[in-house]
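Trainee: Construct all of the structure, not just a fragment, from the sequences and the given hints.
In short: position in the first sequence from 1, add 26, done, that's our numbering.
By construction, these hints were calculated from the structure, which means they are not laboratory data.
Check before you lean on any hint, since a few could be wrong.
Said to hold, decoys possible - Pairs of lysine-lysine residues, derived as DSSO-like cross-links and limited to a Cα-Cα distance of at most 30 Å, are as follows:
1. 169 <-> 231
2. 337 <-> 427
3. 152 <-> 120
4. 377 <-> 35
5. 411 <-> 38
6. 395 <-> 47
7. 421 <-> 363
8. 202 <-> 337
9. 311 <-> 78
10. 202 <-> 310
11. 441 <-> 427
12. 172 <-> 47
13. 337 <-> 395
14. 363 <-> 310
15. 337 <-> 209
16. 377 <-> 337
17. 169 <-> 152
18. 78 <-> 152
19. 120 <-> 172
20. 438 <-> 363
21. 310 <-> 146
22. 421 <-> 209
23. 294 <-> 231
24. 395 <-> 377
25. 281 <-> 47
26. 439 <-> 363
27. 45 <-> 395
28. 152 <-> 311
29. 310 <-> 395
30. 411 <-> 395
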Amino acid sequence: MRVSNLFTKTRKLTVDETKAKSHELLVQGGYINQEMAGAYSLLPLGNIVLRKIENIIREEMNAIGGQEILMPSIHPQSNWEKTGRWGSMDILFKVDSRWGNTTYALAPSHEEIVFPLVKKFLFSYKDLPISVYQLQTKFRDEKRAKSGIIRGREFGMKDMYSFHETPEDLSQYYEKAKEAYLKIFRRCGIDAKVTIASGGDFTKKYSHEFMAISEAGEDLIIACTLCTYAENTEVSELEEGSSCPKCGGKMNAVKSIEIGNIFDLGDKFGRDFEMEYTDREGNKKIPVSGCYGIGTTRLIGSIVEISNDEKGIIWPEEVSPFDIHLIGLGLDKEEVKSFAESVYNRLGEAKLSVLYDDREDASGGFKFKDADLMGVAKQVVVSEKLLAQNKVEYKRRENGKVELISLEELIKKIK
RNA sequence: CGGGGCGUGGUGUAACGGCAGCACGCUUGCUUUGGGAGCAUGUAGUUCGAGUUCAAAUCUCGGCGCCCCGACCA
27 MRVSNLFTKT RKLTVDETKA KSHELLVQGG YINQEMAGAY SLLPLGNIVL
77 RKIENIIREE MNAIGGQEIL MPSIHPQSNW EKTGRWGSMD ILFKVDSRWG
127 NTTYALAPSH EEIVFPLVKK FLFSYKDLPI SVYQLQTKFR DEKRAKSGII
177 RGREFGMKDM YSFHETPEDL SQYYEKAKEA YLKIFRRCGI DAKVTIASGG
227 DFTKKYSHEF MAISEAGEDL IIACTLCTYA ENTEVSELEE GSSCPKCGGK
277 MNAVKSIEIG NIFDLGDKFG RDFEMEYTDR EGNKKIPVSG CYGIGTTRLI
327 GSIVEISNDE KGIIWPEEVS PFDIHLIGLG LDKEEVKSFA ESVYNRLGEA
377 KLSVLYDDRE DASGGFKFKD ADLMGVAKQV VVSEKLLAQN KVEYKRRENG
427 KVELISLEEL IKKIK
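Mentor: Spelled out as structure tokens, the structure:
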């Protein structure tokens, strides 16, 4: 991708200091645009980051047997009445059809679709376990949208639902999902803490929240400084400075963002939708199930919230919108330009994705500032000076360490 | 939903009730390319409605919108 072709631009000026840091950086860098309170457009760069996050999630969900599907966003009222949530859920958007008197729910979650859906294909214990997931848009009529992309009224989410014969099988799968979640967050550059929380109005059982430690967070948790163990202060009896029940490390109270949540649903929704199958003894049985969510667009904001400095965003490698940000200096000179172009082409041949700052009318300073702001994990500079040595300059955004290196050495090094 | 704040060119801001100004951006031209370039040039604005007043960006009432604190939070 050439910077000269990007229809978005970076912005020099601060957008609104009162908002979240991640919001400011994502707007300045040209990743997102706010359309109203709680609704955002993802611009080319932001969209690439979202796809990268989604693909990481896909890989890890597929690895634990999840099958990807895609369900609709508008749901029939009757399904929501069956679960009792039509009347009880105050964040539920309801939309009227212009024809007749039909009202639909705009999906804040998908139990009301996925349970009747799976029911259609579930006849025997031999069909279990089943695990399905989707990457989709959710709508929640939040009383107050806040913190930029971290808490919107429309947002991206991965939701997975699993169905099992026994609570034991569910809990085994639940643990597998927990590990998969930690892996996903690690790949996104976040060292997530796992807290035990209440199940909300969802289930009488417990749930686990995955927390990213950040001042921008809305939750206060008490987290171990050594391992992933943590408790939400809403339910915790641990005190600041006490020792971790799991590893003995020190527990600290910290603010954090909820980036994932998994629930043991028991047979709640299975019963609501009379989801019966025949077990080994020929009896009718209701499966137990779990659900597993990750806010994908919120994750974008959370990563930026955690990974930035005074110059801009610092993308962790796996979610960086490009492998390399290539900066061409002095491109008005023909030989420098063709050198830069050949570097761009060669990196592409080596299957590296490159954002190439090919602007001939921008000063060098401007390009460095833009690159640091946009935060691509690796930067490569070409210039007249470097051309003379037949070298390029290689720099990692996270530590700013600079290396002079030949192009082929560079490719070998980062492939 | 309770409380508070704010609404001025594309962006960020200034203006006692009395000529709407600045910076950035953008246009055009020339010069510039190793850390947000220089000169010249042009461009564009008071959220909406009602009211008070000789006169409203400024005061009053209402609408709409956004932000913050709290409450809420699959």
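Trainee: Now tell me if each hint is right for this structure.
Mentor: Hint check results:
1. 169 <-> 231: Holds: residue 169 and residue 231 sit about 26 Å apart, inside 30 Å.
2. 337 <-> 427: Holds, at roughly 15 Å.
3. 152 <-> 120: violated, 38 Å
4. 377 <-> 35: holds, 26 Å
5. 411 <-> 38: Holds: residue 411 and residue 38 sit about 28 Å apart, inside 30 Å.
6. 395 <-> 47: holds, 17 Å
7. 421 <-> 363: holds, 20 Å
8. 202 <-> 337: violated, 39 Å
9. 311 <-> 78: violated, 40 Å
10. 202 <-> 310: Judged against 30 Å, a Cα distance of about 28 Å means the pair holds.
11. 441 <-> 427: holds, 19 Å
12. 172 <-> 47: holds, 12 Å
13. 337 <-> 395: holds, 7 Å
14. 363 <-> 310: Distance of about 73 Å is beyond 30 Å: violated.
15. 337 <-> 209: holds, 28 Å
16. 377 <-> 337: holds, 28 Å
17. 169 <-> 152: violated, 44 Å
18. 78 <-> 152: Status violated; Cα separation ~35 Å.
19. 120 <-> 172: holds, 22 Å
20. 438 <-> 363: Measuring from Cα to Cα gives roughly 24 Å; hence the hint holds.
21. 310 <-> 146: Holds: residue 310 and residue 146 sit about 15 Å apart, inside 30 Å.
22. 421 <-> 209: holds, 27 Å
23. 294 <-> 231: holds, 10 Å
24. 395 <-> 377: holds, 26 Å
25. 281 <-> 47: holds, 15 Å
26. 439 <-> 363: holds, 24 Å
27. 45 <-> 395: holds, 22 Å
28. 152 <-> 311: Holds - the C-alpha atoms of residue 311 and residue 152 are around 13 Å apart, at most 30 Å.
29. 310 <-> 395: violated, 65 Å
30. 411 <-> 395: Holds, at about 20 Å.
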